[in-house]
Amino acid sequence: MNFIFLSSSFAPFQPTPGLALWSLIIFLLFWALMSKFAFRPIADALDKRNGDIQSALDEAKKAKEEMANMKAENERILGDAREERTKILSEAKDMKNQIVSEAKEQAKLEANKIATNAKIEIENQKKAAITEVKNSAGIMALEIAEKVIKKELKGKSEHEDFVNKLVNDFNMN
Amino acid sequence: MKQFLIFFSLLLSITMTAQQHDHDHDHDHSGHDHSSHAHEGDHSADHETHEANHFASDCGSPAKVIHREGYDPAATAIHHISDANVLTIMDMIRIPLPAIIYNKDRGLELFSTGKFAAGHHDNGHYGYKDYVLYEGNIHRITCSDFKASDKFEVQGFDTGHATNAEGKDIEKRYAIINGKGYNIEQKTIWDGGLLGGGVTSFYDLSPTKNVVTMFIVALLIFLVFRSVAKSYSNRDGQAPSGLQSLLEPMVVFIKDEVAIPFLKHKHKKYLPLLLTIFFFILGLNLWGQVPFLGSVNVSGSLTVTMVMALIVFVITNINGNSHYWGHIFNFPGVPWFVKMILTPVEILGLFIKPLTLMLRLAGNISAGHIAILSFVGLIFIFGKAGESFAGSMIGTGLAIPLTLFMMAIELIVAFIQAYVFTILTASYIGAAIEDHDDHH
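Just so you know, the protein sequences line up as chains S and R, in that order. Every number in our numbering is 8 more than the matching position in the first sequence, counting from 1. Every number in our numbering is 349 more than the matching position in the second sequence, counting from 1.
To be clear, the hints were calculated from the coordinates, so they are not data collected in a lab. From a predicted model like this one, the values you see are computed outputs, not experimental measurements. Ideal Cβ placement from N, Cα and C applies to all residues, glycine included. Treat the hints with caution; some may be incorrect.
Claimed, not checked - Derived list of chain R stretches under chain S, where covered just means 3 residues or more per stretch with a C-beta under 8 Å from a C-beta of chain S:
| hint | region |
| --- | --- |
| 1 | 465-479 |
| 2 | 674-687 |
| 3 | 694-700 |
| 4 | 756-769 |
Stated by the list, open to error - Some, not all, of what chain S presents toward chain R, calculated at C-beta under 10 Å:
| hint | residue |
| --- | --- |
| 5 | Ala28 |
| 6 | Phe38 |
| 7 | Phe45 |
| 8 | Glu91 |
| 9 | Val175 |
| 10 | Phe178 |
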């Protein structure tokens, strides 16, 4: 047996018309049927699924982005709110301070006014009192003088006692 | 894994018992042999002649059935991987197939090969009209003085060598009927006489065992993929399951690793062709490895791979664009004297591409079958064709691990060769349809 593949009896490598014809028919039929009923539907289904998966991924990505955006937005709003709060607080503080200081001013003014009024009143009262004292003293002096005049006194001590008594009487009044 | 190994060795031993059964009888049966030295010695048949064109004169010369001794592993291997007109499973079950013969004298003839009552080595016990079954193939008795009848007994076959008119050594085959040798002619083989064939007096258009196997495999693949395709529409929007999840990775692999890289945006058009080629070859490769299905060597048959290569050749060239043809006939940017060499090379390449496709697949698969058959043949070599029991036990001990190893390799080869054929198809088509501005 020499080189087996080129030997005349190596039947598998002998092209026979019958097998060629049948192979051609079977292969072409197989190709046509497989393409129509199997491979095209499968390829389409795979493409569709690829598309579905891609769009699902894209949607997830989009949703994630949206979430991120929303979060950022929330963060921003929260930040704004915080800022607002701080602002409001500081404003309130300022206002409070202002009010307080205004009130203080006012109170001071009022107090000053009251004090001034009180002073004036006191002054007035004082004046009135002085005037009254003066008047009373005058009246008293007059009455004393009148009583002194009306009564004849003996001695100096008797005068003094009498005046004292009168003065005391006035005091009682 | 262990269970699998036990099961596998059991399978193998059953197969080999069947084979042993076959070859035990080889020496006491019809007595054909391929090797010419078998004809040496004192055989009565005087057909061992080297004179030119002795075909006609041999007709009706006395011959008797010779009991051959010995075992020829090469001939056995070739017989087992060749196409046949009967489907033999384990040398026990012989399924007759329809025969469709186009005869140059009588026109189209249709009958069943059951008429031959094929026996050991697929040789027919009977003849029909002037047809006999030799080595599983229909042969025709060419002797003009032979009286054709609907049923005649064939005692055996023999071979001899002769030199034809061109001085080439040719094999002569005889059918021995009533003690007389009659020349038989094989069916027409389109090899231009290069591989021992040539155009003869009849064409065998029968659905042979290769055709039947091809049909069964194609049908099975179709049914499987049909159900898978249906589950894609039935289970829309769901994860794949069952067969679908088994085959989907392969489909996706061919699509993503073969179709898209080579065919770019045009991959959709050619994807069904690539998938058809891949699964057709893969199915045939795997089917050929199953021991109980006749181990039919379809994808290792040059005729089948030739048809597929031819289809690829046609598809490639009818879709080839001006850019592709321009690169073949008038390679751009190359001086004229280089073109003188380059253009013939490119034109040759046009035909070499499908030729390599055809040879690579057939060669690889046939080689795998031959390797396995050779390892199994160790049993008969060590066992002296059934004479020595101890020897055949040694042979079996050697054959089991070697065959197991070879079958494991063949399993990989089945996938690799299907993949290689597919990827080369994609690259040939891709080169033919590539857009001009794609890579410039």
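Quick rundown of the hints versus the structure:
| no. | hint | result |
| --- | --- | --- |
| 1 | 465-479 | violated (count 0) |
| 2 | 674-687 | violated (count 0) |
| 3 | 694-700 | violated (count 0) |
| 4 | 756-769 | violated (count 0) |
| 5 | Ala28 | holds, 5 Å |
| 6 | Phe38 | holds, 4 Å |
| 7 | Phe45 | holds, 6 Å |
| 8 | Glu91 | violated, 49 Å |
| 9 | Val175 | violated, 124 Å |
| 10 | Phe178 | violated, 122 Å |
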